[in-house]
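2 protein chains.
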Amino acid sequence: MPTRLSHLFLRTLREDPAEAEVTSHRLLLRAGYIRRQAPGIFAWLPLGLRVKAKVEAIIREEMMVAGAQEVHFPALLPKEPYEVTGRWDEYGSGIFRLKDRKDADYLLAPTHEEVFTLLVKDMYTSYKDLPVCLYQIQDKYRDEARPRAGLLRGREFTMKDAYSFDVSDEGLDVSYQAQRDAYERIFARLGLNYVIVTADAGAMGGSRSEEFLHPTEVGEDSFVRNASGYAANVEAFRTVVPASIPLDGLPAAEVFESPNTPTIASLVDFVNTNHAHPTGREWTAADTLKNVVLALTHLDGTRELIAVGLPGDREVELSRIEIAFSPATVEAATEEDFAKNAALVKGYIGPWSLGGPVLGAEATSKVRFFVDPRVVDGTAWITGANLHERHALNVTAGRDFVADGVIEASDVREGDPAPDGSGPVEIARGMEIGHVFQLGRKYAEALGLKVLDENGKLVTVTMGSYGIGVTRILAVIAETNNDEKGLIWPENVAPFDVHVIATGKDEAVYEAAEKIVADLEAARYDVLFDDRPKASPGVKFGDAELIGVPRIIIVGKGLVDGVVEVWNRRTGERRSVPVAEVLSHLS
Amino acid sequence: MPTRLSHLFLRTLREDPAEAEVTSHRLLLRAGYIRRQAPGIFAWLPLGLRVKAKVEAIIREEMMVAGAQEVHFPALLPKEPYEVTGRWDEYGSGIFRLKDRKDADYLLAPTHEEVFTLLVKDMYTSYKDLPVCLYQIQDKYRDEARPRAGLLRGREFTMKDAYSFDVSDEGLDVSYQAQRDAYERIFARLGLNYVIVTADAGAMGGSRSEEFLHPTEVGEDSFVRNASGYAANVEAFRTVVPASIPLDGLPAAEVFESPNTPTIASLVDFVNTNHAHPTGREWTAADTLKNVVLALTHLDGTRELIAVGLPGDREVELSRIEIAFSPATVEAATEEDFAKNAALVKGYIGPWSLGGPVLGAEATSKVRFFVDPRVVDGTAWITGANLHERHALNVTAGRDFVADGVIEASDVREGDPAPDGSGPVEIARGMEIGHVFQLGRKYAEALGLKVLDENGKLVTVTMGSYGIGVTRILAVIAETNNDEKGLIWPENVAPFDVHVIATGKDEAVYEAAEKIVADLEAARYDVLFDDRPKASPGVKFGDAELIGVPRIIIVGKGLVDGVVEVWNRRTGERRSVPVAEVLSHLS
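Which chain is which? The protein sequence lines are F and G, in order. With our numbering applied, the first sequence covers 1 to 587. With our numbering applied, the second sequence covers 1 to 587.
No lab work stands behind these hints, which were simulated from the structure alone. In this text, all values refer to a predicted model and were calculated from it rather than measured experimentally. Incorrect hints may have been included.
Same chains, same label: a pair holds when it works inside one copy or across any pair of copies.
Here are the simulated DSSO-like cross-link-like pairs (lysine-lysine), alpha carbons at most 27 Å apart as the crow flies [to be verified]: (1) K534 / K557; (2) K79 / K442; (3) K128 / K442; (4) K534 / K99; (5) K450 / K515; (6) K485 / K534; (7) K505 / K485.
Model the full assembly from the supplied sequences, consistent with the hints where possible.
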C-alpha cells in the first residue's frame, strides 16, 4: 500500500523553528521527521521512523556479516553491576538515576558493558564457547549538561552497542577488527565521510581505542590529522618529546627581582629589558615555564591541588590533563585554594618536586608538580621563584627540579609534529559517529567473568565494546545531504523510494497517478503519493523538496502527451519520460 | 545465512530455574529466550528477540490495515503533561519517577495519552485533518508492587499503544471499531483464545471500554461470562436490581438486645433463637444488612471514612467499590479510625444517612453511608442499631434510612444473573492481552486539543486509546503452546521456520545437511541448523523439543537410503521423506 500524503501524519513547517541550531535539526523539524518533547528528547514521526528503520537495517546486516548476534536489554537497570565497576560513581550527574518503590537504586544505562559481561558469565563457562560478539540496538539516556543541535547531542538516543568476548588478546584483536571493518562498511553504505582517529580510553579504561569522526564544523570534537594519514583526537595526541640535554656546564640558576610581572607577557618584557639573552636574541614566551595550579576532584569527593609546568607560549588543555587523572575531574584552582596554601605565591609560582630539589625556601608544599613532555632534562627556563616578585633564570630541569610526573598538559596546534613522524598536523572539527574499543579484562575482572581454558584453568575473558549512534548518524546524514530547499536523502535510507505527485484538478491525472503508483508498488518500490486534491503544485513541489525523497515523479499536464516528469531531487534535473517507460527509467 | 547452533548465543538449561512461577516463564528461561535482570525486568536473547520481532510484525501489518500510522516516543518524559491530566498523582507509586540534573521532574511513561494528545495539537488544526490514528511499539515501565510470572507481569514490557483522534462521537465509534477489529485479527493470527469483556474505565476515565482477556488459570483478572455471550470483568459487572417494595403497611422497626453477636453468623443464630420469622422459616444471613466501615484516601492525601451496607451473605469487593470512588483508593478502616469516631459502634453498626432519618440516638455521624444495589426501598433488614449490643429487626430502606448513594459493593458469584437478562454467569480467570477504550474528551479537554469545525468554530477532539501487551502476548503464546518437553511455537511466530539437525559423526551427514539447509534458505525458509559435531542425538533432540521450532528435519542414518526424517514438533509425528522431496513436503 502506498503512503498517501492526504492521510500521512505530517504537517511541514514553512518557517525555521526557533529551537533549531543546526541544519539537520532545522530540516528534520520542518519536514516533519521529529518533534521535541523535552531538552534533548524527541518523538519520531512516521517519516523519521522510516529513515531510522532503514539505518538500523543496514547496521543489522553488517553486524550479521561480522558474526555478531542481536539481543536486547532494558534501559532501566539495577545499580549493583555499575557499582562493582565504579561507573555508578564515575558518571556523576551524567546519567539518570532513580529509585523503585522499595527504595532500590536504578539507572537508565548509558552503555551496557556490565550487563553484557554478566549475561555471558551466566551463559558460558568454557573457552570453547568463545569468541562471541553480541549487540543490541537500543534507546539510551544520558543526562547531558548541554543537550544541543537536535539529534546530534540528545539526552535520549538510539545506539547500536556491541560487545565482544575472547579468551586471548589475539582473539580480541580479531573481534575488534571485525567490528572495525563492519563500521567501515556501514559508513560507506551510508555515504558518510569519516576519519578514524586514535582515541584515548578516558573513563572507559582499556587499551586500543579508535573513534570514527565525521569531519564537520558543527562537530564538538577537535581532532588532529595530516596528509600522511595520521589522525587522533586531541586527547590522544602525543607530543613529540625533544632530546634531553646533558646537564654538565649549564649556567647556574639565578633569582632576580621582578616587580609587576604576573603575566608571561610582562615577564618576557621585563627580562628582555633587564637580562640580555646570551646569544643576543630576544627572549620569548617559549623561554618561560608557566606553572599553573589546578584542582583535581577525586571519585571519593576529595579535592587535591596539583601544579603543572608548561612552556609559556602554550595554553593549558584541561581535557588532555583530565586523561592523566581519570576518573578524577580537573578544574582551575580558586582564590580559596590559593588562600589555603600559603606556599603557592600566585603569579610567581616556580617548579619544585616533593621528592627532588626545591627552589626557593618557602616553596615546600604538599602540592604535586607535573610537567609537559617538552620539559626534558637539561632544558632551562625563566620561571617563578615561589617568592613574591621574584623570578629566576636558567632554572634547569633535572638539576634544579625533578617533576612528580610528565603529562600531556598543553594545547595542540596547527603545525605541531605528529608523533609518528609523518609531519605537521592540522586541527579539524568532527562529530563522533562510531567508537571501537578494546576494553581488555577490566570489566571481566571486576564482575568475575572467567572461563575454563584448554588446560582446565580459569582465565579471565577479554572484551571489546563497539558503539554507533544510530540517531546521530541519521542527523549527520541529514546535515550533509540537503540544500536550501530541504533534505536530499541517499536512496538506501530515504523514507520512500519514490515520491509521486499528481498535480492539477483533472480526475484523469489522479487516476493515471494511481495506476503508476500501483505499478511501482508491484515492482517493490516504496511509494509516497501526493494525492492531495486541493494543494497547489507549488505546495506539493515545496513539500517534496523539503521531505527529500531522491526520486520524484510528477504526473500532470504532460499526461495528454503520454509523459510524466521524473525529477532528480539531488541534481534538480527533470526529464520527460513516457508513462510506459517509468519503471525501466527508474531501474 | 542459517543460524548455527554451534555459534548461536544459547545455553539451554536442564533444570527448572527456581525463579520461574509459571510454565511460560520456566520454558522461556530454560530454552534461552530471556534472562532476568531485576524483579520484572528481562533481557531478550537471540531466540526471544526473533519471536518478539515476528509478533510485532503481525501487529504492524494489522495496524496498517486499520489505517494507523507508526510513530515513536521516548520512555522518559517530562512531568508537566501528566500533571495537567492528574495522572502524575493518580499513578502513585506505580510509576518510575526521576529528576534530571536541573532538578526537573520526569517519569518513565506508563502510557502516552498526554504526549500523543500534545503531538496532534502541535501538528493539526482543522476537522479536515481528522480522523487520525497513531501508534507506537515501545518499551514501557511500571513499578508494579508484585512483579510476577515472568513476562506476564513485568515492570518493563513492550506495548503497542494506539490513540485515535476524531471530531465527533460517531467518528470515535468508527475508530474504536477499526482497532477492535484489528485486535480480533491479531489474536486470530496468533492463535490466541480470547474473550472480549466489558470493562470499567477505572483510572483512565472515559466511556466505552472493553478488555481482551485470554482465559487462563494463571491470569490475575477475574471475569464473569455465560453461555449466551455475556462477558464483563468483575469491576464492570452490574448487579440486577430487584423491584422496590411499597412501604405502606410494613412492620415497624424494632430494636432488641443482642449480647455477644458481633458476627453475622452469631447474629443469625441469636435471632433464630429469640425472634421467630413471621413465616416460620429460619432467618439467614441474607436477611441481615452488614455495614462495613472503609477508608478512602483521596488524591490530595486526605482520609475519609465511609460505611457501606450490603446483604450479610455477600462479601465486600474492594476493587468494585474503588471504581465508584476513583481516583481515591479504598481500604478497610483501622482500629484507630474507629477510636476517632465514637459514633461508630464496632460490631453493631447500623444504617443511617446524613440527610435522612437516623436510627439510634448516638449514630449522628459525618460518615457517608452507601448501600449495595440490592438494598432497594422497602427491603427490611436485621442490622446493627448503632448501640453496643443492640440490633434491630424490620429496619426498612427508604423509611428507616436513606443512603447517601448506591454503589457496587459486593462480590460477584457463580450463578448471579447477568445484567442483560441472559442468565446466570460463571466466574473465570483471565490475562488481559488487549484493551480498547473510548477516552472521550478528557485528555483533549485537559490539554487543550481543539480543532476548527466546518463552521470555523473550535471544538474539542474526542479520543480513543488501544493497547496490546507485546511481550505479554508472547508469554501467553508460550503458556498455551508447550508440552512437558518444551515450547511448541505456532509457525508464524516461531523463531525459525525449520530446525535442521545433523546427527552422528559421519562427515557425509553434515555435508548433506548443509546442502539441505542451503536449499531451504534459498526457498526463503529461516533455518536453525544444529551442526554441533560433538553433541549427542539425545542432546540435540532435547534442545529441539525445548526450543520449539514446529518443523524439525533430522539428517542422520537414513541418509544412506536417501531419506531424512521430518518431525512435527506439535503432533510428534516423524516421517521418512526422500531428500529430494523435503522442500515439497514442507510446503
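Against the structure, the hints come out as follows:
In this homomeric assembly, K534 and K557 come within 27 Å of each other (Cα to Cα) only inside a single copy, at 16 Å, whereas the closest approach across copies is 71 Å. Only within a single protomer do K79 and K442 lie at most 27 Å apart by alpha-carbon distance; the minimum there is 18 Å, versus 38 Å between protomers. Taking the closest pair of Cα atoms, K128 and K442 come within 27 Å of each other only inside a single copy of the chain (22 Å); across copies the shortest separation is 60 Å, beyond that limit. When the C-alpha separation of K534 and K99 is checked against a cutoff of 27 Å, the pair qualifies neither within a copy, at 53 Å, nor between copies, at 47 Å.
Proximity of K450 and K515 under a CA criterion of 27 Å is satisfied in neither setting, with 63 Å inside one chain copy and 37 Å between copies. Only within a single protomer do K485 and K534 lie at most 27 Å apart by alpha-carbon distance; the minimum there is 22 Å, versus 62 Å between protomers. Taking CA atoms no more than 27 Å apart as the test, K505 paired with K485 passes inside one copy only; the shortest distance there is 25 Å, against 65 Å between copies.
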